[in-house]
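Could you put the whole structure together from the sequences, leaning on the hints where they help?
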Amino acid sequence: AAGVIQSPRHLIKEKRETATLKCYPIPRHDTVYWYQQGPGQDPQFLISFYEKMQSDKGSIPDRFSAQQFSDYHSELNMSSLELGDSALYFCASSPRTSGGGDTQYFGPGTRLTVL
Amino acid sequence: AQKVTQAQTEISVVEKEDVTLDCVYETRDTTYYLFWYKQPPSGELVFLIRRNSFDEQNEISGRYSWNFQKSTSSFNFTITASQVVDSAVYFCALSVYSSNTGKLIFGQGTTLQVKP
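Protein chains in written order, with my numbering: chain Y, 166 to 280; chain S, 955 to 1070.
It is worth saying that the hints were derived from the structure and are not from the lab. Quick caveat, the model's predicted, so the values are computed rather than measured. Any given hint could be a false lead.
Claimed, not checked - Listed below are several chain S residues computed to face chain Y (Cβ distance under 8 angstroms; list not exhaustive):
hint	residue
1	Ala961
2	Phe1060
3	Gly1063
Stated by the list, open to error - Stretch-level coverage of chain Y by chain S, calculated; a stretch enters the list once three of its residues show a Cβ under 8 angstroms from a Cβ in chain S:
hint	region
4	175-186
5	251-261
6	266-279
Glycine included, each C-beta is placed from N, C-alpha and C at the ideal position.
Given below as structure tokens:
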């Protein structure tokens, strides 16, 4: 069965640089979530999209922005990178029914290292 | 506010032992969903189970079983006859209906080490 695809899998950037992470959800899933997992931490919700509209926002820095495109893939753009942005970034997708609560299927993650 | 607590940071067992991972949640919503995810050393998050707040029936899937008790706000996970391949970090997570977005609130995770 098709899974969530994330690219790149690994990314190394310098401080103050910009990074773009991509996510391709499972076919027919129209909801996408982004999570950030720091070393030894639990995943923290960043932002979500439903039908190409932002549906919720968590503790996402103003330096980060994201969008969902017409083909339902999503991109997370990160600017002015800081050392503390080094983390594993997960994208998850789910089929949307009212009220949330659908199972989220996670991609393999993008490991971002900021030097 | 919603919260998930996994009090056990690390558990170490010998292969074939049974092990229970505890999860306690907090929410004032009456409609909510509970999940368990496995994160092996390779890093991906693997979905294990989903439960809604109206279904307290326990579930068994092979060597895995889950005990959901609303009276104690707990959703515990038991692995029977553990195997080395069960070594991973296990996360319990909660989402509430009223959020309307389904975002997950994770517990801190329990690292399970199964020794041969």
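Checked hints:
1. Ala961: 14 angstroms, violated
2. Phe1060: Where the cut-off is 8 angstroms and the nearest Cβ of chain Y is about 4 angstroms from Phe1060(S), the hint holds.
3. Gly1063: 5 angstroms, holds
4. 175-186: violated (count 0)
5. 251-261: holds (count 4)
6. 266-279: holds (count 10)
Hint violations for this structure: numbers 1 and 4, all remaining hints satisfied.
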